[in-house]
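Protein sequence lines, in the order shown, are assigned to chains A and B.
Residue numbers for the first sequence follow the working numbering, so the first one is 463 and each next one is one higher.
Residue numbers for the second sequence follow the working numbering, so the first one is 463 and each next one is one higher.
Since the hints were derived computationally from the structure, they do not count as laboratory data.
Don't take each hint at face value.
The list treats identical chains as one, so a pair stands whether inside a single copy or across any two.
As the list claims (entries may be wrong) - DSS-like cross-link-like pairs, simulated, lysine-lysine; straight-line CA separation at most 30 Å:
(1) K605 to K509
(2) K715 to K472
(3) K605 to K563
(4) K729 to K509
(5) K592 to K605
(6) K563 to K509
(7) K605 to K729
Protein chains: 2
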Amino acid sequence: MTDSVQQLLKRGAGRTDEAMEHLLPGPETLPHSIHRAMRHSVFAGGKRLRPLLAMEAARTIAGDLPRGVEDLGCALEMIHTYSLIHDDLPSLDNDDLRRGKPTCHVVFGEAIAILAGDALQTLAYETLGKLPCDPGAAIQIVKEVAIATGTGVGGALPPGMIGGQVMDIESEGHAPTADLVEAIHRAKTGALITVCIVAGGIYAGASAAQVAHLRAFGERAGLAFQIVDDILDVTQSSEELGKTAGKDTATAKATWPAVFGLDASRKQSDALITDAFAELDTFGASADSLRSIARYLVERTH
Amino acid sequence: MTDSVQQLLKRGAGRTDEAMEHLLPGPETLPHSIHRAMRHSVFAGGKRLRPLLAMEAARTIAGDLPRGVEDLGCALEMIHTYSLIHDDLPSLDNDDLRRGKPTCHVVFGEAIAILAGDALQTLAYETLGKLPCDPGAAIQIVKEVAIATGTGVGGALPPGMIGGQVMDIESEGHAPTADLVEAIHRAKTGALITVCIVAGGIYAGASAAQVAHLRAFGERAGLAFQIVDDILDVTQSSEELGKTAGKDTATAKATWPAVFGLDASRKQSDALITDAFAELDTFGASADSLRSIARYLVERTH
Numbered sequence: 463m464t465d466s467v468q469q470l471l472k473r474g475a476g477r478t479d480e481a482m483e484h485l486l487p488g489p490e491t492l493p494h495s496i497h498r499a500m501r502h503s504v505f506a507g508g509k510r511l512r513p514l515l516a517m518e519a520a521r522t523i524a525g526d527l528p529r530g531v532e533d534l535g536c537a538l539e540m541i542h543t544y545s546l547i548h549d550d551l552p553s554l555d556n557d558d559l560r561r562g563k564p565t566c567h568v569v570f571g572e573a574i575a576i577l578a579g580d581a582l583q584t585l586a587y588e589t590l591g592k593l594p595c596d597p598g599a600a601i602q603i604v605k606e607v608a609i610a611t612g613t614g615v616g617g618a619l620p621p622g623m624i625g626g627q628v629m630d631i632e633s634e635g636h637a638p639t640a641d642l643v644e645a646i647h648r649a650k651t652g653a654l655i656t657v658c659i660v661a662g663g664i665y666a667g668a669s670a671a672q673v674a675h676l677r678a679f680g681e682r683a684g685l686a687f688q689i690v691d692d693i694l695d696v697t698q699s700s701e702e703l704g705k706t707a708g709k710d711t712a713t714a715k716a717t718w719p720a721v722f723g724l725d726a727s728r729k730q731s732d733a734l735i736t737d738a739f740a741e742l743d744t745f746g747a748s749a750d751s752l753r754s755i756a757r758y759l760v761e762r763t764h
Numbered sequence: 463m464t465d466s467v468q469q470l471l472k473r474g475a476g477r478t479d480e481a482m483e484h485l486l487p488g489p490e491t492l493p494h495s496i497h498r499a500m501r502h503s504v505f506a507g508g509k510r511l512r513p514l515l516a517m518e519a520a521r522t523i524a525g526d527l528p529r530g531v532e533d534l535g536c537a538l539e540m541i542h543t544y545s546l547i548h549d550d551l552p553s554l555d556n557d558d559l560r561r562g563k564p565t566c567h568v569v570f571g572e573a574i575a576i577l578a579g580d581a582l583q584t585l586a587y588e589t590l591g592k593l594p595c596d597p598g599a600a601i602q603i604v605k606e607v608a609i610a611t612g613t614g615v616g617g618a619l620p621p622g623m624i625g626g627q628v629m630d631i632e633s634e635g636h637a638p639t640a641d642l643v644e645a646i647h648r649a650k651t652g653a654l655i656t657v658c659i660v661a662g663g664i665y666a667g668a669s670a671a672q673v674a675h676l677r678a679f680g681e682r683a684g685l686a687f688q689i690v691d692d693i694l695d696v697t698q699s700s701e702e703l704g705k706t707a708g709k710d711t712a713t714a715k716a717t718w719p720a721v722f723g724l725d726a727s728r729k730q731s732d733a734l735i736t737d738a739f740a741e742l743d744t745f746g747a748s749a750d751s752l753r754s755i756a757r758y759l760v761e762r763t764h
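Given the sequences, and given the hints that come with them, work out the whole structure.
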């Protein structure tokens, strides 16, 4: 386990892209427009962090990559991509640029972009429905992923990805409070990152206690990741980010530095990673790659 | 099994609505806007045909309604509702009225309508992930539902619901051909209706041979249903339909009467139902309620 994080990222992205090629309909598959739109956004140069987290969580439990775990990673990346396509739409964030490329609706029009997002969510569950693992594990993954990416059910659970997006929309124009910013971050990006790690563990046959440690690790690392994202938005240029920098500030969005300031934000993301690492102690050296990725999440510069 | 179809419909809708109340977050659950938007569209007066088909298919196999089958019906109705919310959006069909009520984006705005549709799809899979049945059956249902509502994978399968919607959009303004209209109808509405029946059977423990008969029944009944929908659009007033009548004609959409004429369309829907009934012979009297519903589908006047 002496791989550099760059090697880990590169190999993880390679595995993900190869599996994704098999899972996504080709650009010549009818109807053309939607398949081209889905591929445009899926192959837009994402770092494949979420699939990597799922794969390395599975490796932490099983000692090696279980067969077919790339498909699990792809399903999670499809969900991430669908959420980006819909977030970028004119009636939501109205973003023309993502990772330095025109967004889906700019190239394919709004109707196809909406349906391409829908279809990526659907294909994610099709992929989960076909995972080559124990059916009990597969259906538990379906449930975990849906809860993490929904609105929160019955008020009993913290909201998931869509709930976080709605809270973000509703908070625009209001002075953000610390509690609200944390709730939005945990829901909007933290819940999906956490479920990648949880699902990877379940796929590899983790015990309930192991899943609990992976979940606690994911919650802390996921929040740290989003704090660093907010910091980068303030400190980096658009060219470095590949998207419109300073946009969060310009639209008075609820961000971590806006509430806590830059220095405190950096300290908090570091502290969260330390707490996250404590959850991995039980796994010993098997969790070294998860540790490398978590460290990368807070030390990255773009 | 002497229930009239009206009794079947009423009881099925009652069971569905009661289960839906438990599955959908309440209107006071934070964040408010999306939960109110989801409820607005889910409780907009739909006939609950798809849940009823799932429940009665399960009854055909098991002899009675298996415990929890209402939740399966609700998951399928959530998917149907999400597709309606997105279809009605300004960049798609741009419909202000559905079942006599203002559509989701008219009441809640486009951003929340898009996310409410997304969240209903997510909640559908959460519901499938929690079904109180054998995990092997549950994961098979997840796979079947996702395939039926996607774009078609690798060109090998007929396209599902979203694929049909895209074909419909792409065909606008072109003179529709018989093959294209049939392909769109089978994909856009037929596939979801079919999978309701298939999923109900799987939930109740149907054998592969029984599933094949249910699938063949569903494909024929689903196509007949959509042909009748097209006929009603031409022959009924807006008031009777609760939506803008003649809209399909006005926008030169690919419809059955536009290609085959009204009389031939009526004959074809009748013939399809006869073929559909032949697939139910193997189930004897246990399939009587499925037969009643299928007959209703082609004889209804709104």
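* Status of K563 relative to K605 across identical chains (alpha carbons, at most 30 Å) -> neither (33 Å within a copy, 33 Å between copies)
* Asked: Taking 30 Å as the upper bound on the Cα-Cα distance, should K605 and K509 be classified as within, between, both, or neither?
  -> Both. Shortest intra-copy (26 Å) and inter-copy (28 Å) distances satisfy the 30 Å Cα cut-off.
* To do: Give the relationship of K592 and K605 under a CA distance limit of 30 Å: within one copy only, between copies only, both, or neither.
  => So K592 and K605 pass the 30 Å test inside a copy (15 Å) and across (7 Å) alike.
* To do: Go through the copies and call it for K605 and K729: within, between, both or neither, with a Cα cutoff of 30 Å.
  => neither (34 Å within a copy, 44 Å between copies)
* First find the shortest C-alpha distance between K563 and K509 inside one copy, then the shortest across copies, and answer within, between, both or neither for a cut-off of 30 Å. => within (14 Å within a copy, 44 Å between copies)
* Asked: Using 30 Å as the alpha-carbon threshold, which applies to K729 and K509: within, between, both, or neither?
  -> Answer is within: at 25 Å inside a copy they meet the 30 Å cutoff, but 56 Å across does not.
* Asked: Between copies, within a copy, both or neither: which fits K715 and K472 at Cα up to 30 Å?
  -> neither (32 Å within a copy, 47 Å between copies)
Checked against the numbered hints listed earlier, the structure breaks hints 2, 3, 7; every other hint is satisfied.
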